[in-house]
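Student: As they're listed, the protein sequences go chains A and B.
For reference, each letter of the first sequence is one residue, going 1 to 182 in my numbering.
For reference, each letter of the second sequence is one residue, going 1 to 330 in my numbering.
Think of the hints as simulated: they come from the structure by calculation, not from any bench.
Every value quoted in this text rests on a predicted model; they were computed, and no experiment measured them.
Careful, some of the hints might be misleading.
Simulated restraints on C-beta separations [as the list claims (entries may be wrong)]: (1) A:V11 - B:S6: 29 to 37 Å; (2) A:A30 - B:P312: 42 to 50 Å; (3) B:D76 - A:D121: 48 to 56 Å; (4) A:S3 - B:D182: 35 to 43 Å.
We treat Cβ as the ideally placed atom computed from N, Cα and C, and that holds for glycine.
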Amino acid sequence: MFSAIGKQINVIWSQIVTLWLVFLHLFNKADTVEYPDVKPYMFPRWRGRIILTRDPDGEERCVACNLCAVACPVDCIALQKTEDENGRWYPEFFRINFSRCIMCGFCEEACPTHAIQLTPDFEMAEYVRQDMVWEKEHMLISGTGKYHDYNFYRVAGKAIGGKGKGEAQNELPPVDRRSLLP
Amino acid sequence: MPSLFSFEVGSLLNIVAILVVGLGVSVMMIWVERRFLGFWSDRLGPNRVGPFGIFQVIADALKMLTKEDWIPPFSDKFTFVLAPMIIPIVMLLSIAVIPFAPGVGVIDLNIGLLWIFAMAGLASYSTMLGGLASNNKFSLLGALRGAGQMISYEVFMGISILGVVILADSFTLRDIVEAQRDGWFVVPQFFGFLVFTVAGIAESHRWPFDLPEGESEIISGYNTEYSGMKFGLFMIGEYIGMVVMSALMPVLFFGGWHAPFGLEIGTPLISGLFWMSLKTGFFLLFFVLVRAALVRPRYDQFMSYGWLVMLPLSLINLLVTGAVVLYQAG
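Using the sequences plus the hints, can you model the full thing?
Tutor: Right under this line is the structure:
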């Protein structure tokens, strides 16, 4: 009998303590960030909106190798290779369907030329679903993105207009194999 | 017949003012509750529509009014439409007998307290009929729970108040307030106050006793099938019930419009209105705090707590109060 009464007093006391502790939260600072007014700090390596970058000379970095499209787990990247008069490869079109993209960053990992990069921008909502499909002119920026000095054609052995064989960085001129005969 | 534009009980000015203020406070409680729930869980709550988010109420109302008002084809249509109307009407009717200040009130019934219990009893029809007419398993479960909850908690809600009635020797709420001029009834009737608080929350099925809704168990209980303004009427009825309960607490236990420690300000009318609204506001926020802090009990725990703890407690309280009053009368 008395233990039952004691138990009930305990129950009521515990409820009152709960009420008091929750009441004290009135004086706590809110944990929330008021997002549209206060922008959160986004880390530089955040995997957000995808961009296509240019090399330091202002040319498109993308060589249309299709590795990003192969790596993409949701198949949201589509592109077609073409070639300019200098023999430089570039995408004829480059299309990313952002309503499928899961921002995994595999395309950035796969890219041999640092062309495709992910940025800290995450505000990508659209009113019309078709607007989620981005073409090359929407994604191609005028800068170099995260890698400022890298220029694929300057380190690659491929000959393009204005740069012959053996003229790339750290590259020796081609050797005539027959001249090396003993 | 009282004159129309004076502060007498039953004047037109009083009736209109109490209706407008009562409804206005009930509607604003939607915003106040969400805001304070936010504060108490370290959030900010709705703060974007207008200053401090105060127009959130208008936005909510517009949303409710423009939503599709769907009546399920499998429901009992007449009862389905009738059920949400009951609870706001009976809750507004029970505001009528509450005395807010000297000379402020709609009517002074000599059965004022019984009137409020009658109206609270009728309000449970809203829950029951709503759940029954929806023709939905979960709604029916919610309605069953609601019916059981109302019946069991109404019993000792009534008994817990009888101590106050014995002390005041009247069922008229204005007389009960007048009897507390020299001391609040919360002191001699502390256990009555405890039981009435719990029963009042259960009666208006607010959190943590929202078992008829119980959204984690039975979707939304009796109002699962309701949408648009029909759902809004259930909500508004619940909030008016909350205002009625919060106004009853000071009237029955905390001296109504009487100022504590003789802290009268201005005329009796202004002082009465000030203290009554302060006390009512305190209990409104208390109800919100209870919602923020306490967890919903299991239904069997809830029922056994009612019948095995609250009922004996209120009966003992009634017995002791009666014995003491008889002893003092000689």
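Student: Could you run down the list of hints and mark each one as holding or not?
Tutor: Here is how each hint holds up against the structure:
1. For A:V11 and B:S6, the Cβ-Cβ distance of about 50 Å falls outside the hinted range of 29 to 37 Å, so the restraint is violated.
2. Checked against the given bound of 42 to 50 Å, the beta carbons of A:A30 and B:P312, roughly 43 Å apart, stay inside it.
3. Under the hint 48 to 56 Å, the C-beta atoms of B:D76 and A:D121, about 54 Å apart, fit the expected range.
4. Between A:S3 and B:D182 the beta carbons are some 39 Å apart, a value that agrees with the proposed interval 35 to 43 Å.
When held up to the earlier numbered hints, the structure conflicts with hint 1 and nothing else.
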